[in-house]
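Undergrad: Protein chains in written order, with the UniProt record's numbering: chain P, 1 to 168; chain B, 1 to 332.
One should not assume that every hint holds.
Unchecked claim - Which bits of chain B does chain P cover? Going by a derived footprint, with three or more residues having C-beta under 8 Å, they are:
(1) 7-13
(2) 37-43
(3) 96-110
(4) 143-157
(5) 196-202
(6) 273-285
Said to hold, decoys possible - Just some of the chain P residues that point at chain B, by a computed CB distance under 7 Å:
(7) D73
(8) F116
(9) V122
(10) V130
(11) A135
(12) D140
(13) S142
What the hints assert, rightly or not - Pairwise CB distance ranges, derived in the manner of DEER restraints:
(14) G101/B / G141/P: 31 to 37 Å
(15) K329/B / R33/P: 30 to 36 Å
(16) F219/B / T87/P: 27 to 33 Å
(17) H58/B / R164/P: 29 to 35 Å
(18) D266/B / P43/P: 57 to 63 Å
(19) R41/P / G91/B: 45 to 51 Å
Calculated from the structure, these hints are not laboratory results. Predicted model only: the values in this text are computed from it and were never measured. Just so you know, even glycine gets a beta-carbon here, dropped at the ideal spot from N, CA and C.
So the chains spell out like this:
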Amino acid sequence: MSARPDTLPRASGPGMSTLARLSCLMVQPILTRVVRRIAKRHPSLFARLGPHQGTDFVIDAVELPFALHLRPDPQALLFRAVPRDATPEAGATIRGKFMLLLELVDSEEDGDAAFFSRDLEVTGDTEAVVRLRNALDDVDGSIAEETAEMFGPPGRAILARLRRAYPT
Amino acid sequence: MSLAELICPAGTPAALRTAVDAGADAVYCGFQDATNARNFPGLNFTPDELAASVTYAHGKGAKVLLALNTYPPAGKVDLWRQAADTGARLGVDAFIVADMGVADYIARTHPGVRLHLSVQAAASSPEAIRYYCQNFGVKRVVLPRILTIPEIREIRKEIPCEIETFIFGNHGLMVEGRCSLTNYLTGQSTNMDGVCSPASDVEYKRHEDGSMSSQLAGFTIDCFGADEKAGYPTICKGRYTAPHRPEGYYAFEEPVSLNLSRLLPDLIDAGVHAFKIEGRQRSKSYVRGVVSAFRQAVDDIRAGREANIADLVALTEGQKQTQGAFETKKWR
Ligand code: SF4
Numbered sequence: 001m002s003a004r005p006d007t008l009p010r011a012s013g014p015g016m017s018t019l020a021r022l023s024c025l026m027v028q029p030i031l032t033r034v035v036r037r038i039a040k041r042h043p044s045l046f047a048r049l050g051p052h053q054g055t056d057f058v059i060d061a062v063e064l065p066f067a068l069h070l071r072p073d074p075q076a077l078l079f080r081a082v083p084r085d086a087t088p089e090a091g092a093t094i095r096g097k098f099m100l101l102l103e104l105v106d107s108e109e110d111g112d113a114a115f116f117s118r119d120l121e122v123t124g125d126t127e128a129v130v131r132l133r134n135a136l137d138d139v140d141g142s143i144a145e146e147t148a149e150m151f152g153p154p155g156r157a158i159l160a161r162l163r164r165a166y167p168t
Numbered sequence: 001m002s003l004a005e006l007i008c009p010a011g012t013p014a015a016l017r018t019a020v021d022a023g024a025d026a027v028y029c030g031f032q033d034a035t036n037a038r039n040f041p042g043l044n045f046t047p048d049e050l051a052a053s054v055t056y057a058h059g060k061g062a063k064v065l066l067a068l069n070t071y072p073p074a075g076k077v078d079l080w081r082q083a084a085d086t087g088a089r090l091g092v093d094a095f096i097v098a099d100m101g102v103a104d105y106i107a108r109t110h111p112g113v114r115l116h117l118s119v120q121a122a123a124s125s126p127e128a129i130r131y132y133c134q135n136f137g138v139k140r141v142v143l144p145r146i147l148t149i150p151e152i153r154e155i156r157k158e159i160p161c162e163i164e165t166f167i168f169g170n171h172g173l174m175v176e177g178r179c180s181l182t183n184y185l186t187g188q189s190t191n192m193d194g195v196c197s198p199a200s201d202v203e204y205k206r207h208e209d210g211s212m213s214s215q216l217a218g219f220t221i222d223c224f225g226a227d228e229k230a231g232y233p234t235i236c237k238g239r240y241t242a243p244h245r246p247e248g249y250y251a252f253e254e255p256v257s258l259n260l261s262r263l264l265p266d267l268i269d270a271g272v273h274a275f276k277i278e279g280r281q282r283s284k285s286y287v288r289g290v291v292s293a294f295r296q297a298v299d300d301i302r303a304g305r306e307a308n309i310a311d312l313v314a315l316t317e318g319q320k321q322t323q324g325a326f327e328t329k330k331w332r
């Protein structure tokens, strides 16, 4: 298995902050569409989240130039890209390699196993993370594939490229 | 010959479908409350979800066993009775129970539904098991994980019911149904509230040197070095310092999982009727991987072939596995 998330090379250095901000702007419309669509297709997710619908999750895919901020409130869904130097105060933070996180969302990987191997790191409110994990695990099919499908052949091509670019 | 049924975990409806599709003969699950010993946040079934899941499983020839395997505190038994009534109405194939009061209620009220005695009842002698069979009509006992295979063989000869043993998964056994360690720290009881180490009391801290400590209710129960594998934040698997062990040591159990894949033929030969896979709190990925591996192994053994067991160590706690007491009483 790979090295711990905190030893992985991070996207950093001069100019990174500008790049991070530009990347955030570029991906934001996609993230908004993705999260709305998933919420519409899988409404049962919210019941499993229970009191943590209002929790701020920071999802830190270590190789990406930005972090993701998720607040799974069905009344005011929030899923946005944020530069690392501007992340909100997190209720819970989930950190790992990009492809591992994607595979966890899709239940291709087991969260406990990734935790045991130290490839996945969790800080903050553990109950919030357990609820999010269980909510996502009850979704049939692949959220990644579903997202790619939303954008047709270019979406599928991008997913395939991401899988090659960020191996687990 | 033993049927070697595979009894598989399901924490969500999607995990139940995954287990059935991967070849489970039966799936066990619980409601979203203290009536079962995996009362974890966001896990388990609503009555509507259980109804749909029973239909799905039965449609594919698999059984559904409902875990009501905690102990009702005095004055709160109604929750367990209602859960039993709901389960019976929805057509579950058996109840897995630990408490005698719950067993008695089901035996009287729903005599047509099978009763299995949970590992939480910790019945490990023929006398104790026979008592449950005679008084509540128990049809199967899930044995505590403290017996060797020769002991299981002897017990089998002296009891009138089927035997189920764990073959894979979490290995916390001090002693099933009687452990109060988590209650001591968190005020919540595994045996009555259904949750050991509630997630709301767990906190992980990352340190500058790459190590990570896990805390339960503010007490540090382990600190994993930068290159060490991690385990669950349960007190029984904690690593503690003591005046005579300043370097820290596992006082009770180590973070390790049970894996009896190599002992399956011996267990079948000893008369074990059903094999249980632990892990209702685990993901569909775990369920798919472990259930398919054991389905293949059991089918190989039944067909007289050598069982070819997939390597499951990546899914084990601390990435370590043991055959525990099934191999020898000296496992600790
Ligand atoms: S502390 Fe260990 S033995 Fe006790 S209930 Fe929790 S997991 Fe089981």
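Undergrad: Each hint: holds or not?
TA: Hints and how they fare:
1. 7-13: holds (count 3)
2. 37-43: Held - the region 37-43 of chain B has 4 residues with a Cβ nearer than 8 Å to chain P, which meets the minimum of three.
3. 96-110: violated (count 0)
4. 143-157: It is violated, with 0 qualifying residues against the three required.
5. 196-202: Holds: 4 residues of the region 196-202 of chain B have a Cβ under 8 Å from chain P.
6. 273-285: holds (count 5)
7. D73: With a closest approach of 16 Å, the D73/P hint is violated.
8. F116: 5 Å, holds
9. V122: 6 Å, holds
10. V130: 4 Å, holds
11. A135: Nearest chain B Cβ about 6 Å off; hint holds.
12. D140: Since chain B brings a Cβ to about 5 Å from D140/P, closer than 7 Å, the hint holds.
13. S142: 11 Å, violated
14. G101/B / G141/P: 31 to 37 Å: 42 Å, violated
15. K329/B / R33/P: 30 to 36 Å: For R33/P against K329/B, whose Cβ atoms are near 60 Å apart, the range 30 to 36 Å is violated.
16. F219/B / T87/P: 27 to 33 Å: 29 Å, holds
17. H58/B / R164/P: 29 to 35 Å: 43 Å, violated
18. D266/B / P43/P: 57 to 63 Å: Once the Cβ atoms are compared, 48 Å apart, the range 57 to 63 Å for P43/P and D266/B is violated.
19. R41/P / G91/B: 45 to 51 Å: Since R41/P and G91/B have Cβ atoms about 29 Å apart, the given range 45 to 51 Å is violated.
Hints 3, 4, 7, 13, 14, 15, 17, 18 and 19 from the list above are not met by this structure, while the remaining hints are.
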